[in-house]
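Participant: Sequence:
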Amino acid sequence: MVNERVLRLEEKVAYLERHQTEQDKAMLELTELVERLRAELKVTRERVANQGEAGEGEQADERPPHY
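In this text, residue positions in the sequence shown follow the working numbering: the first is 1, and each later residue adds one.
Keep in mind the hints are simulated off the structure, nothing from the lab.
Just so you know, these numbers come straight off a predicted model, no measurement behind them.
Please note that a few of the clues may not be correct.
Each pair of labels, with its calculated beta carbon distance range [said to hold, decoys possible]:
#1 V13 - R38: 31 to 39 angstroms
#2 D24 - Q51: 37 to 45 angstroms
#3 A39 - L7: 42 to 50 angstroms
Just so it is clear, CB atoms sit at the ideal spot from N, CA and C, and this is done for glycine as well.
Work the whole structure out from these sequences, hints included.
Facilitator: Here's what the structure looks like:
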């Protein structure tokens, strides 16, 4: 009976260790994704700011040449 209890506890510990490892991997992947998205957002914001400074944003309202 004691052996069964120890065995169940060992199984639970093994499950929790595996689960923790999987969560660590998922957290690392999410952290990397957030960093990539932050970098992309920074580039996008810079492009938008540069378009506004260069006056390129106003060209979007002009009629296309085929009209």
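Participant: Confirm or reject each hint.
Facilitator: To see whether the hints hold, each was checked on the structure:
{"no.": "1", "hint": "V13 - R38: 31 to 39 angstroms", "verdict": "holds, 37 angstroms"}
{"no.": "2", "hint": "D24 - Q51: 37 to 45 angstroms", "verdict": "holds, 41 angstroms"}
{"no.": "3", "hint": "A39 - L7: 42 to 50 angstroms", "verdict": "holds, 49 angstroms"}
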